[in-house]
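**Q** Listed here are the chains, written in short residue letters.
Protein chains: 2
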Amino acid sequence: MSVNDQNGAALGQAFTQNVIDAMGPKTDPRLREVMTGLIRHIHDFAREVRLTTDEWMAGVEMINQAGRMSDDKRNEGQLLCDVIGLESLVDDITFAAAANSTTGLTASAILGPFWRQDTPHRDNGSSVTFDTPPDGEVVYMHGQVTDVETGEPLQNASREHNLRGIFHTDDQGKYSFYCLRPTPYPVPQDGPAGKLLGMMDRPVFRPAHIHLMVQHKGHKSLTTQIFDKDCKYLGNDSVFAVKDELSVEFVPRKGDPLAPLELCYDIRLAKAS
Amino acid sequence: MSVNDQNGAALGQAFTQNVIDAMGPKTDPRLREVMTGLIRHIHDFAREVRLTTDEWMAGVEMINQAGRMSDDKRNEGQLLCDVIGLESLVDDITFAAAANSTTGLTASAILGPFWRQDTPHRDNGSSVTFDTPPDGEVVYMHGQVTDVETGEPLQNASREHNLRGIFHTDDQGKYSFYCLRPTPYPVPQDGPAGKLLGMMDRPVFRPAHIHLMVQHKGHKSLTTQIFDKDCKYLGNDSVFAVKDELSVEFVPRKGDPLAPLELCYDIRLAKAS
Chain A
1 MSVNDQNGAA LGQAFTQNVI DAMGPKTDPR LREVMTGLIR HIHDFAREVR LTTDEWMAGV
61 EMINQAGRMS DDKRNEGQLL CDVIGLESLV DDITFAAAAN STTGLTASAI LGPFWRQDTP
121 HRDNGSSVTF DTPPDGEVVY MHGQVTDVET GEPLQNASRE HNLRGIFHTD DQGKYSFYCL
181 RPTPYPVPQD GPAGKLLGMM DRPVFRPAHI HLMVQHKGHK SLTTQIFDKD CKYLGNDSVF
241 AVKDELSVEF VPRKGDPLAP LELCYDIRLA KAS
Chain B
1 MSVNDQNGAA LGQAFTQNVI DAMGPKTDPR LREVMTGLIR HIHDFAREVR LTTDEWMAGV
61 EMINQAGRMS DDKRNEGQLL CDVIGLESLV DDITFAAAAN STTGLTASAI LGPFWRQDTP
121 HRDNGSSVTF DTPPDGEVVY MHGQVTDVET GEPLQNASRE HNLRGIFHTD DQGKYSFYCL
181 RPTPYPVPQD GPAGKLLGMM DRPVFRPAHI HLMVQHKGHK SLTTQIFDKD CKYLGNDSVF
241 AVKDELSVEF VPRKGDPLAP LELCYDIRLA KAS
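The listed protein sequences derive, respectively, from chains A and B.
Under UniProt numbering, read the first sequence as residues 1 to 273, first letter to last.
Under UniProt numbering, read the second sequence as residues 1 to 273, first letter to last.
Warning: the hint list may mix true and false statements.
One copy or two, either will do: identical chains are not told apart, so a pair holds if it fits within one copy or between any two.
Derived lysine to aspartate or glutamate pairs resembling EDC-like cross-links, with alpha carbons at most 16 angstroms apart [what the hints assert, rightly or not]: (1) K73 - E61; (2) K271 - E152; (3) K229 - E249; (4) K26 - D244; (5) K220 - D171; (6) K271 - D147; (7) K73 - E137; (8) K26 - D201; (9) K232 - D256; (10) K195 - E149; (11) K229 - E262; (12) K220 - D54; (13) K217 - D171; (14) K195 - D28; (15) K271 - D28; (16) K73 - D44; (17) K73 - D118; (18) K195 - D135.
No wet-lab data here; the hints were simulated from the structure.
Throw the hints in and build the complete structure from the sequences for me.
**A** Below is the structure:
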């Protein structure tokens with residue numbers, strides 16, 4: 001009658017199957033697939049490491065604390081996933097599904113926990129830097145958004161970036177703006193994700209990067225990050241988002257009093273299916 | 001130099017190994033063991049079900065919401081674990097480790113998300129029921145706390161229960177009080193755990209039960225629940241805590257104007273190691 005017929009019955013797979021089988025017939029098929037996998041792996045994990053009540057409760061408290069400090073400007077639950085590589089993994093899975101057999105498509109990377117919905121629209125060629133620090137290096141960033149298969153320039157594609165602005169490509173699919181050469185920074189250490197990094201004796205830095213989100217009607221949206229190939233943290237990103245094909249080089253720019261550096265980055269989008 | 005040498009590298013086990021290997025040498029050995037298992041299983045889960053960014057983000061939002069509604073009277077992160085059977089599983093693992101080869105030890109069960117630290121001390125024979133509802137049935141509950149191996153009665157063991165009180169056993173290890181016969185109740189449905197239960201098309205009820213936490217100096221503490229064997233939800237507890245040996249029978253009590261029912265429940269504790 002009960003699910004545990006003797007002490008320790010939960011230690012066997014029959015208990016796990018019982019939890020899975022508890023899902024009713026009205027469960028959405030995809031949710032059933034996801035929850036079945038989640039329940040099986042979480043149970044196997046607990047059994048394998050002989051997880052104790054105290055250890056599990058420490059994990060619960062970490063989750064509750066992450067939720068309490070999350071708001072519309074910071075997502076600590078997401079950061080917890082990031083430091084164990086989950087967002088990068090899920091991003092790759094989603095990208096692989098979108099890419100299919102297409103080659104040349106600009107690679108995706110994680111959105112990260114600091115994206116904001118209220119980013120302002122700006123004109124091409126304008127600057128997103130308000131307070132350039134004494135050691136900051138201004139960069140003229142530009143490029144072209146094209147269809148990955150036809151090479152056709154995509155007009156009115158919008159680009160947002162993290163310091164932050166939305167730009168619209170011209171009739172040649174081109175965009176341009178001034179920004180700062182990014183610098184490495186540590187992920188926030190005042191929450192459970194930072195605490196976990198400390199407990200795992202891991203570097204807290206993210207390599208210097210620029211976030212890109214590119215949207216065009218009729219094409220699949222792209223969320224990615226590009227990384228300064230000279231950054232020393234490229235090999236130990238605390239959230240595991242670095243990909244070789246997303247590493248870029250900032251080169252000297254001549255004849256522009258506004259910026260000593262330049263970055264040209266073209267973007268290739270896939271047609272929406 | 002980077003961890004992902006090509007598109008989709010995170011889809012392979014090398015990515016997962018890289019995340020695991022990122023743990024530094026100062027990581028506590030047990031934490032390394034737990035995190036290695038967690039990272040491996042969470043990654044395998046994501047790969048197996050081809051978890052998408054949108055699905056993962058829905059999970060993150062569920063975790064953040066659980067944290068936001070948790071406080072010292074309610075633990076929604078815990079309840080999320082409970083509905084996928086994790087607290088019961090971890091409890092069994094911990095109990096198995098405590099029980100070793102001892103037979104006869106009173107079985108443990110989950111603490112649940114509503115335990116409170118401020119439970120008052122009360123005299124044996126007193127009542128914990130303040131407002132008996134018209135359809136409520138008063139029960140005289142009593143029993144003896146003994147050492148599981150020697151049978152020796154344990155004096156000054158303290159018992160807490162959920163409606164709620166702390167009682168101290170007498171020199172015979174005996175306790176007694178009046179309470180209500182428990183009734184089934186639904187887990188809270190205003191949070192992500194209740195929402196998840198709904199999405200999984202599962203019953204939300206917990207079978208009628210009484211929480212027990214028994215502590216005695218020199219013996220291992222016991223946290224458990226006992227279940228009314230006549231309850232119709234015994235076979236589909238929403239948090240999978242029911243065990244046959246924790247099912248109890250409420251029997252008629254004669255000659256006591258205060259209670260028509262009686263429950264005798266003896267408890268056997270193991271010596272602290």
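**Q** Could you tell me which of the hints above the structure violates, numbers in ascending order?
**A** 4, 5, 7, 9, 10, 15, 16, 18
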